[in-house]
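Student: Spelled out from the first residue to the last, the chains are:
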Amino acid sequence: MSHVKYLLFWGSGNRHKMRELIRNYVRNMRLGMEVPIVKFEPVSAGPYYFGIAVNLDDPMQTEPNARLTAMLQDLGIKNKMVRNDSEHSAFHEANKISTLVTEKFEYASFLEPIRFEKAECNIDINDDDIFGGDFIDDYEYTAEEQLMDHLLWWCSAKGEGSWGLFKDAVKLLRLTETTQGGAWAVMRRFVLLGDIEAVTAGRKFEWGVTPTALVKSALAGAYISGKMTPAWRKKLTGVSLTSSNGGPTRVSVNPSVLIEGLPILIDPAGKLASVLPYYSEWEVLLPVDPDIAVHKYSFKIYDGQGFVRLNDIETMPPGLYEATRNEGQFAPKVVFYDGLRWLSGAYYDLRWLMIRSNGQMMNAIINKADELFIPEMSRWPMIYERSLVLASGKLPRKEKFGDMDVLVYESVGRELAQKLADKLGIDLQEG
Amino acid sequence: MLDYEKWNAAIIDFFTHDIRKGKSVYLTVNHKTLQDIGKSYLDLDCELAVSKFINAVKEKCTKYENAQQHVCIASLRTSDEKGKPLGVAFLSAMVLAAYQMSGKDDIDNTNYFKRLCELLDVVQGSQGRPVGMELYHNTDEVSLWLTWNAWLESNGLASTARQGKEGPLKFLNYTIEQSLLRFDDVEFLQKVFSSHLNFHEALRSLDETQLRDWMLRQHFNRRHLRAGLESLDADRASAFFDEAYEVYSIWSQSEENDGEAFTSRRLNAGIQRRSFKGIVSYWLLPRRPIRWKTVQLRVRNSEGEYKTLEPYRDGLFEPLWPIEPFVDTSQSFLVEGDDAIRDIIFPKRDFWILTPDPDDKYGLYATWEKYPTGNEKKYLILLKGNTDSKLSTQMRVFKEWKLLDWDGDPQVKDGWVEYHGCMVLSSAWDCINPMPEAEELFHSLKPKENVTASLSGGLKAPQQAAWLEDYPPSLIVHGFEKEFEVIVRVGNNELIKEKVYAQNPFILSVCKDSGMYNIEVIWNKKIVANRSLKVISWDEISANSIDCLKWVEIGKKKICGPLIKYEEVPHVSC
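Sequence order for the protein chains is A and B.
Be aware that the first sequence starts at 1, since it is given in the numbering used here, and climbs by one per residue.
Be aware that the second sequence starts at 1, since it is given in the numbering used here, and climbs by one per residue.
Every clue listed holds true.
Across the chosen pairs, the derived CB separations fall in these ranges:
| no. | chain 1 | residue 1 | chain 2 | residue 2 | range |
| --- | --- | --- | --- | --- | --- |
| 1 | B | 324 | A | 397 | 53 to 63 Å |
| 2 | B | 385 | A | 45 | 38 to 48 Å |
| 3 | A | 176 | B | 142 | 46 to 56 Å |
| 4 | B | 498 | A | 330 | 37 to 47 Å |
| 5 | B | 81 | A | 260 | 20 to 30 Å |
| 6 | A | 318 | B | 348 | 54 to 64 Å |
| 7 | B | 223 | A | 44 | 36 to 46 Å |
| 8 | B | 54 | A | 241 | 55 to 65 Å |
| 9 | A | 260 | B | 336 | 30 to 40 Å |
| 10 | B | 336 | A | 256 | 43 to 53 Å |
No lab work stands behind these hints, which were simulated from the structure alone.
Even glycine gets a Cβ: it sits at the ideal position worked out from N, Cα and C.
Make a model of the complete structure from these sequences and hints.
Tutor: Below, the structure written as structure tokens:
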């Protein structure tokens, strides 16, 4: 904390000259931090008071130090000092000096001003760009699982946070360099694995880590989901660490092991599948983007391969669009137009909706090893995909069948696959 | 268990419970803290607590030998069965003796030990020290302080007991720096409050920030008190303000109760700003009492409804409900569940200074800090009234004189005005005399430091006041000069000495490994800012103990990761 007090002087003659004299001395001797300001009584003629502010090391100091004394001597004002006799000190408190040099005084400051830093963003800004980069999450990376572990540990320590904070952490850990896609591509892996839940609050996006739980799946043994730290993980016995196909390390546990104090969740994949709605009801739950208006945005439409510019905005067909605001600097967002409403959501959810609304038949294959094969082009909406991922505690792996990319989910089983396929109107085949 | 051990364990718990990791701990033992410890931990009558404590220390730490009573603390160099250092109650007695000394002048070595000998009924020996506690004979108290410091640090807390400069107070400094307000400082403050703050109800219900700003304007002519309140070490100054606020709370309640003794404390509340679809609201944000012993508390709102007080961030309870930020008289909300806590007070104010979330720069603005300082962050100023009010007029004067600036235009709401992104630009606040109505605002905004060193960026270990290895922060110096010199040390080892420019981030890449670093900002060969940086390994990161469940609605069900909520939320935590 700074302790500023004043030395008071009685001056005569040209006070502007005196001010320049003091200013030059302070600048030349680099005394600005010690002598930050000088104040003058603005009289039209005759003698005047002036106060030199001094930044003291010790608030109880009563006499100027050697440097200050030298300054007063060099300026020739040492014998013009008005002492504070009531406190037996050379210094006067700032509030007292203000009254001595009158209400309207002149001053000179010897310190450098601080540069005003413009705001990075409006504090009420929306998180409209969260799904940016979603559609290039293709699971083809060799994931840095250690970095994903670090991110989960950090999120566990934080507990909850804003979208911006998560994005910063992803960037710092350089996860967007080792995995394809943006921060949302990283977040969706945690969400699918049930480690983090993500919600929108108004137009802000928030996330929170789920509580640590022992998940017992129907076909893939047991694993731990949610909050995790390295110290806690090290304490566990009888666990094995395996790959989750691009998420944080899967902590596999012998299903017969009980970990004291840890809640057990039995077959959450099956339970989630039971409570999920049919796709027609799910579609109704998708939020409408109130901001989209034809005159405010430029649009590109998805043609099955990518987004192409749409010139005729008068007759916009239903479909998947990339909308870019005409004014300001906003990331483009992907929205689905159903002919009446602009629906927002994750890219894969909207792409699936587009295929469904086009009336295209979608299929999936379950094999005898309980693996479910879904064409990447018709990847399921995320909430349904979460059920598939929770069945194993692993993200899907990607395989190629001819030209087609296929996502393979392990340990799904016929029953769960059928339940979800029925809800989504998918033709499930055995293979 | 012997009385001494009970006191020892209780004192340690009292001073370290509910303290966020990384925070400084002062062993500020005085009559009031001993009464609180006696009542809360040992079920003792307040009147007897101090004498019982002294007797327990005397019984354990002194003995009669060679026809004289002398100190014997050799057995305190170990730990109790829970690993807590056994010497803390003895050190507390030493601090109590310092508390009883005069705060008006510097403590004198001889006088201090005379006081300690009287307290413990022992004889003074060489160097004035109690017999049996001579220096350099492995019988002194220094090793007890070092053990206490080491225990605090191993528990993630910052120790504060330090050796002094060479001279007679070199070792005594460990003890005397722990005693913040001394006995006569307390008496002095009570008198000052009575003579200056007793003529208006609003002055008897100031919050911590208001009292700090008021005290700093008083320029008390007491060396120890002023050095503490105006300390360059922000943690130490905060500890002094906390102590002074305790004195103020007791004084204000005793004034209210016609001099009746203080029975229960009041909690202050600030506000948290929320924005939903363009609509801004303010929520009541209560502060947790310092050294709070966790108990279930509930609070009644003005409609008579109850709400549980849940621990939230550092020193805060969860925000309770929306509230008008400006009220005509301070509001009180009754608290139930602990006799020691009476109510939550929402003060009458004409302005609020809201700072960004210290743990999330994209988060909410609130009165996060009790004692906001520094020029290093931009904040939001909320003023009562509209843009024609006297406070708004004064804000324009601040801007005109280039003392302060803000982003965009002020945002006028119903009954208040928000100034976003406010930043102090100059230290020359003495160049204007504020209008009387704006004097409090003026003194709150006037920079209290010429130079601040802040840490930004990097990967911060949440809840631990530390950064994670390999992801150190950058140092940003805000000050009223262009260039500074920075020295980074580990212990006495100087790692780098570099020139830095004001407001330009300087990446602390020398601080990648786990450890404790000290950063000194130097101008003109003088240390003008100083701060420590703790870097921890990934193994040291600890999970947030508070459940922060986010639920996604799917029709009538809610899901959170693998959890499904059918009716009630299952309560699970790790």
